[in-house]
Amino acid sequence: MEEKKLILNGKRLDGRNPDELRNIEMKVDVVSRADGSAEVRFGNTIAIASVYGPRSLFPKHLQEPEIGIIRCRYNMAPFSVKGERKSPGPDRRSIEISKVTRNALEPAIFLEDFPRAVIDIFIEIIQADGSTRVTGINAASLALAAAGVPMRDLVAACSVGKIDDTLVVDLTGEEDNYSKADIAFAMLPSKNEVTLLQMDGILTKDELFQLFDLAKKSCQKIYEIQKKVLREKYKVSE
Amino acid sequence: MKEYALELIEKGKRIDGRAFDQFRKIEIVRNAIKSADGSARVKFGETEVIAGVKIGIGTPFPDTPDQGILIVNSEFSPIASPEFEAGPPGEDAIELARVVDRGIRESKAIELEKLCITPGEKVLSVFIDIHIINHHGNLLDAAALASIIALLNTKMPKVEGDKINREEYVGNLPIAHLPINISVGKVGNFLIIDPTFEEEKILESKLCIAVREDDKICALQKQGSRQIKFDELEKMIDLAIEKSKELRRLCQQEH
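Chain order of the listed sequences is F and B. Under this note's numbering, the residues of the first sequence are numbered 781 to 1018, in order. Under this note's numbering, the residues of the second sequence are numbered 145 to 399, in order.
Here chain B stands alone, though its shape is the one from the complex:
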């Protein structure tokens, strides 16, 4: 399978017939989880992830006493792949959560300053939990898209003293920006987006690029065990800026 995927790419083709710069079919279910304050279930072809948002009450970080807290966590549940094992998150799950976190945090997607209750003492926390349901490649882009869509439909529960009342919601989580993560894979001289599981096995390296709606870059993460040339970096970043618009349009549809 690995050799076949590589052979195809060298002929300008992909294992599932897509163009190099084409996403798989993307399906989005907003508010998929009723028990969450916000959620999204997203499929990129066979890859499927769920992001669930819960709002809690917490203590602010000392260096940002008047801002809410964002915490992104990810679990590679053993249901999703024969390679995933139960137990504490491994380096790939940790990296995924941290890269999704950076895109959201650095783009200033959430207006965290609006989540302050008592400066220095009490703020709202936004927990994003990412669950992988089926690992068929490109988990990061699917997880990042599910996360931002979940944030967009997150409702704010009412705060009563030290308790959260989910019987009553008071408006939506304030969202100011829409970061989109695009991972561009490199094999030989070819660049592809949205790699499948088989394609990920043959990628030499991958650059994950978070792009905001003003085309500014808010996070980068190189992955993989091979090097990238400077002119390739530029092509990867240009491709990500272009393709991010497609996914952003999906976010902005009815929610």
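This is chain F alone, in the form it adopts within the complex:
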């Protein structure tokens, strides 16, 4: 791939510092028919998540006698991408992201509280500009909390990576395309434990751990916004 300068005078092409997140907006209860829902924006990336359940799981042979199960679907709208329309429906990338998203959220949920039942999590990316899977996870985490699902912690997620020779957080689509490495990361912020980790690119172990630190710090910031949104939504009126 051709080289492209992504850092000029220490700033990124959209004017951000390396460790700066894009403008973040979060709303809960955006889909009234869902048990819980949320819309999260990271810059130009927009994800909407709905949660249905816990509800009965059929066919019965799918039921787990001691725990509830989580199903997760990550999907990109055909109009969500720049350039050519994305053909609708699950492709290989979406199927993999659905799986790792489920694995990223499961550690937060008390699955033993609803044996034989299912929680369905649906994530729609309606506008994509990089970091879509982590934006989806942030939305899904809020939607689960809004649905009253018993949780150990929220899940906060962000992307980090290496562009030019700089370690950065919250990559845009353009930065992702030209990055030397990128990591999708999610954690339980108050427990300091990792629930999603995917990386591709080339990094030394030292760079990798610097990026983990950056991701950890950034997830704490995201966690504060998530908590604030939930508190505002559910504050007891006087």
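Think of the hints as simulated: they come from the structure by calculation, not from any bench. Treat the hints with caution; some may be incorrect.
[Stated by the list, open to error] Taking CB as the label site, the calculated pair distances span: (1) F/F890 x B/E147: 20 to 28 Å; (2) F/P930 x B/E147: 51 to 59 Å; (3) B/P263 x F/T984: 47 to 55 Å; (4) B/D160 x F/R865: 18 to 26 Å.
[Unchecked claim] With a straight-line Cα cutoff of 27 Å, these simulated BS3-like cross-link-like pairs (lysine-lysine) come out: (5) B/K252 x F/K985; (6) B/K307 x B/K373; (7) B/K187 x B/K258; (8) F/K985 x B/K299.
[Unchecked claim] Here are some of the chain F residues that sit facing chain B, going by a computed Cβ distance under 8 Å: (9) M806; (10) E876; (11) K879; (12) E886; (13) L968; (14) S970; (15) L976; (16) I982; (17) D986.
By construction, the Cβ of each residue, glycine as well, lies at the ideal position given by its N, Cα and C atoms.
Dock chain B against chain F, hints included.
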């Protein structure tokens, strides 16, 4: 069986008597498939996979007009396990192929720029097809090892216009790096490598780590439904870097 495997690990033992950081017996048959341009049949204990490489002619991706194409596909054939069903690949097969793909692609193992015929129009494609023959755990590491070994013995068929002539081979596929995938499983405070089928059932989580010969990390994928602590991450990555050398030595033997 599940409880037994867990009980053993808590006592510092494994179901088949191995150390936590010990592979099963690894057997490699290079060029196992005569009809493929490159291939390997690899066993990790009872787990057995075949990777076959076919070279084709294709159109380059618009963002890499002067590079060949790499496509990794995997099939969990119903012969390999009572849990596998016929039909389109499920999420585990797709994930496996995509993680193997990332290790090879991101390490720049194949010199794809040498596979260009006409920039923007015609390039060679490298297809790696991974067939699972017997699922007895740790499919990913076995599949990744079979793939890189298959690439190492891939011969380049002669290109004549828009056709490939397999009567005549012109040298080997250009390979620049050797990525090795090591999956480290976590159960309680214990870390194990090369889990068997029974052990995979009790793992809380697993981190798949692709390491290059310069010890750089080229792919990571966390699997499983439980969380991992940061100090555990570091131990897992250190263990993978160390163990990758053992498998890389196997690749580099006669081929």
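Right, here's what the structure says about each hint:
1. F/F890 x B/E147: 20 to 28 Å: holds (23 Å)
2. F/P930 x B/E147: 51 to 59 Å: violated (27 Å)
3. B/P263 x F/T984: 47 to 55 Å: 33 Å Cβ-Cβ, so the 47 to 55 Å window is violated.
4. B/D160 x F/R865: 18 to 26 Å: violated (52 Å)
5. B/K252 x F/K985: Answer holds: B/K252 to F/K985 is near 18 Å, not above 27 Å.
6. B/K307 x B/K373: violated (53 Å)
7. B/K187 x B/K258: violated (32 Å)
8. F/K985 x B/K299: Roughly 34 Å between the alpha carbons, so the hint for F/K985 and B/K299 is violated.
9. M806: violated (23 Å)
10. E876: At about 5 Å, which falls below the 8 Å cut-off, the nearest Cβ of chain B leaves the hint on F/E876 intact, so it holds.
11. K879: holds (5 Å)
12. E886: holds (4 Å)
13. L968: This interface hint holds because 6 Å falls under the 8 Å limit.
14. S970: violated (12 Å)
15. L976: Since chain B brings a Cβ to about 6 Å from F/L976, closer than 8 Å, the hint holds.
16. I982: Nearest chain B Cβ about 5 Å off; hint holds.
17. D986: violated (10 Å)
This entry does not satisfy hints 2, 3, 4, 6, 7, 8, 9, 14, 17, going by the numbered hints stated previously.
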